Amino acid sequence: MPARQVLRSAWVLVFCLAPCASAPGQHAPRKVPPDLAGLLAAAQSDLQANRPANALRRLAGYTGEDHALRHLLLGHAYSRQNAAEAAGNAYQTALRMDATLWEAGLGLAQVRARQGQWAEAARLLGQFVRTDTCDADTLLLYAQVARRMNDARLAELLLTRGICRFPADLRFRRLDLAACLDGGDPRRAARAVDTLLKASPTDPDLWQQRAFACDQADRQADTIAALEAALLCDPNDLDRHRRFVGAILATGDWCTVVRQGRSLLAGPLAKAAVQDIPMMELLISAADMGRQEQTLAAWLARVPEASRTRGMRIVAARRALRLGEVAEARAALRRLTEQGEADANVLLWAGHLAERAKDWPEAESLYAHARKLKGAAARLATLYLARLYFQRERAKQAARLLHAYLDAHPEDAPARALLAVVEAGGV
Numbered sequence: 053m054p055a056r057q058v059l060r061s062a063w064v065l066v067f068c069l070a071p072c073a074s075a076p077g078q079h080a081p082r083k084v085p086p087d088l089a090g091l092l093a094a095a096q097s098d099l100q101a102n103r104p105a106n107a108l109r110r111l112a113g114y115t116g117e118d119h120a121l122r123h124l125l126l127g128h129a130y131s132r133q134n135a136a137e138a139a140g141n142a143y144q145t146a147l148r149m150d151a152t153l154w155e156a157g158l159g160l161a162q163v164r165a166r167q168g169q170w171a172e173a174a175r176l177l178g179q180f181v182r183t184d185t186c187d188a189d190t191l192l193l194y195a196q197v198a199r200r201m202n203d204a205r206l207a208e209l210l211l212t213r214g215i216c217r218f219p220a221d222l223r224f225r226r227l228d229l230a231a232c233l234d235g236g237d238p239r240r241a242a243r244a245v246d247t248l249l250k251a252s253p254t255d256p257d258l259w260q261q262r263a264f265a266c267d268q269a270d271r272q273a274d275t276i277a278a279l280e281a282a283l284l285c286d287p288n289d290l291d292r293h294r295r296f297v298g299a300i301l302a303t304g305d306w307c308t309v310v311r312q313g314r315s316l317l318a319g320p321l322a323k324a325a326v327q328d329i330p331m332m333e334l335l336i337s338a339a340d341m342g343r344q345e346q347t348l349a350a351w352l353a354r355v356p357e358a359s360r361t362r363g364m365r366i367v368a369a370r371r372a373l374r375l376g377e378v379a380e381a382r383a384a385l386r387r388l389t390e391q392g393e394a395d396a397n398v399l400l401w402a403g404h405l406a407e408r409a410k411d412w413p414e415a416e417s418l419y420a421h422a423r424k425l426k427g428a429a430a431r432l433a434t435l436y437l438a439r440l441y442f443q444r445e446r447a448k449q450a451a452r453l454l455h456a457y458l459d460a461h462p463e464d465a466p467a468r469a470l471l472a473v474v475e476a477g478g479v
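Residue numbers (my numbering): 53 to 479.
Hints in this document: simulated from the structure, not taken from any laboratory. Hints may contain errors.
To be verified - Label pairs and their calculated CB-CB ranges:
1) 291 with 94: 45 to 51 Å
2) 290 with 356: 17 to 23 Å
3) 358 with 468: 45 to 51 Å
4) 271 with 250: 16 to 22 Å
5) 148 with 247: 25 to 31 Å
6) 218 with 345: 56 to 62 Å
7) 247 with 291: 33 to 39 Å
8) 424 with 476: 51 to 57 Å
9) 387 with 444: 24 to 30 Å
10) 468 with 392: 42 to 48 Å
11) 345 with 290: 23 to 29 Å
12) 273 with 452: 31 to 37 Å
Unchecked claim - Dumping the calculated SDA-like pairs for lysine to any residue here, alpha-carbon to alpha-carbon at most 25 Å:
13) 426 with 468
14) 83 with 151
15) 323 with 256
16) 83 with 104
Since the structure is predicted, the reported quantities are computational estimates derived from the model, not experimental observations. Quick reminder that beta carbons are idealized off the backbone N, C-alpha and C, glycines included.
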């Protein structure tokens with residue numbers, strides 16, 4: 053028989069390339085028909101050269117005797133083109149034809165992880181991956197999937213193995229840090245982040261994570277120090293400025309926040325900071341705490357009226373009252389009530405200012421609104437409204453209101469005393 057005919061009638065050994073590099077053990081040689089062997093080799097070359105479309109054309113056009121390896125390479129090619137569903141179908145076909153084809157199992161696990169099917173990805177990884185011999189990428193994927201499944205024990209085991217096998221690969225330590233923070237283990241998280249910081253001392257994200265770990269451990273001073281370090285590493289990140297300022301303000305140190313705010317609003321981030329409403333609210337709150345009236349007025353003026361938050365309007369009203377500007381304070385509170393304010397304390401405040409201005413209809417409306425809400429302030433609003441009725445010579449209406457109130461709250465001594473005054477017609 054001619055040599056060429058012998059070759060065509062024989063089976064040829066080929067090796068297959070996994071989508072993410074490694075086998076559980078030795079790559080096992082697989083036999084394929086000679087006509088398919090050359091096609092597979094060409095398709096592998098296309099994939100290595102990042103030409104998945106070429107590989108797909110070759111593989112899809114084959115009409116000879118089929119083999120699991122063809123579908124494996126189809127899966128790889130589809131994966132390179134981010135066609136997850138087609139890739140998954142190809143890998144499943146490969147596994148149906150050869151259930152021992154671990155490369156197809158790993159490829160399918162990667163697809164399922166990409167699709168967010170964590171349980172199925174974990175099952176496939178557990179079946180086809182040997183954690184003592186697989187490559188770093190595969191082990192990291194397995195740990196990520198375990199974390200996504202909230203399987204803390206499995207994730208910890210895989211990450212510990214990854215750190216031991218690949219001590220220079222900081223991805224395992226970063227994922228371990230995230231898992232510690234997820235699990236509420238601040239001490240272990242602090243150790244993990246400190247190890248990472250030794251390798252990357254200017255990484256702002258690591259400092260941010262250290263701040264989070266310290267905050268979980270209720271170490272306020274260390275939290276602020278870590279946030280400041282993150283900011284120093286990345287001074288152009290407005291979010292880091294906001295986190296740092298917020299942590300300081302939580303301690304009551306308005307002076308430092310005001311100083312930071314003045315520097316920030318005079319620097320290159322000023323325009324972005326003014327447009328960052330949460331940041332401006334922090335700065336305005338600090339200026340209000342310190343009664344820095346000129347600074348407070350300047351910062352309030354930089355926020356457009358339509359963008360002002362509820363907190364900003366309350367600060368504006370408080371500042372106006374400190375300066376004796378009652379009409380301005382009322383205007384600020386009126387904007388809140390027009391927007392559906394549901395805090396009885398604010399409505400009582402606005403009603404009291406309306407009374408001071410002898411705007412009886414508005415005071416009555418505000419008290420009536422407040423008393424429909426819940427809480428101690430809402431109950432107090434009933435007494436304020438009854439007192440207003442009495443002062444406006446509407447004693448019967450005041451008495452009816454108080455009787456109804458005392459039916460629901462018979463223990464309220466101030467209400468009973470006010471009723472006695474109303475019914476006696478005294479002052």
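With the threshold set at 25 Å, check whether the alpha-carbon distance from residue 83 to residue 151 stays at or below it. holds, 15 Å
CB-CB spacing for residue 468 and residue 358 relative to the 45 to 51 Å hint: holds, 46 Å
Item to check | residue 291 paired with residue 94, Cβ distance criterion 45 to 51 Å | outcome: holds, 50 Å
Within 25 Å, alpha carbon to alpha carbon, are residue 426 and residue 468?
-> holds, 20 Å
Is it true that the C-beta distance of residue 387 to residue 444 lies inside 24 to 30 Å, as the hint says?
-> Distance hint for residue 387, residue 444 holds at roughly 27 Å.
- Query: residue 345 and residue 290, beta-carbon distance inside 23 to 29 Å?
  - Reply: holds, 26 Å
CB of residue 247 to CB of residue 291, is that within 33 to 39 Å?
The hinted range 33 to 39 Å is violated for residue 247 and residue 291, with Cβ atoms some 25 Å apart.
ask   = So the hint says 42 to 48 Å: do the beta-carbon atoms of residue 468 and residue 392 match that?
value = violated, 33 Å
Within 16 to 22 Å: is that where the Cβ-Cβ distance between residue 271 and residue 250 falls? At roughly 20 Å between Cβ atoms, residue 250 and residue 271 fall inside 16 to 22 Å, so the hint holds.
Query - Assessment of proposed distance window 25 to 31 Å (beta carbons of residue 148, residue 247) - result: Between residue 148 and residue 247, where Cβ atoms are some 45 Å apart, the hint is violated.
- Query: Taking only the CA atoms, is the gap from residue 83 to residue 104 under or equal to 25 Å?
  - Reply: holds, 24 Å
I want to verify a distance hint. Is the separation of the beta carbons of residue 218 and residue 345 within 56 to 62 Å? holds, 59 Å
Hint compliance for this structure: hints 5, 7, 8, 10, 12 are not met, and every other hint is.
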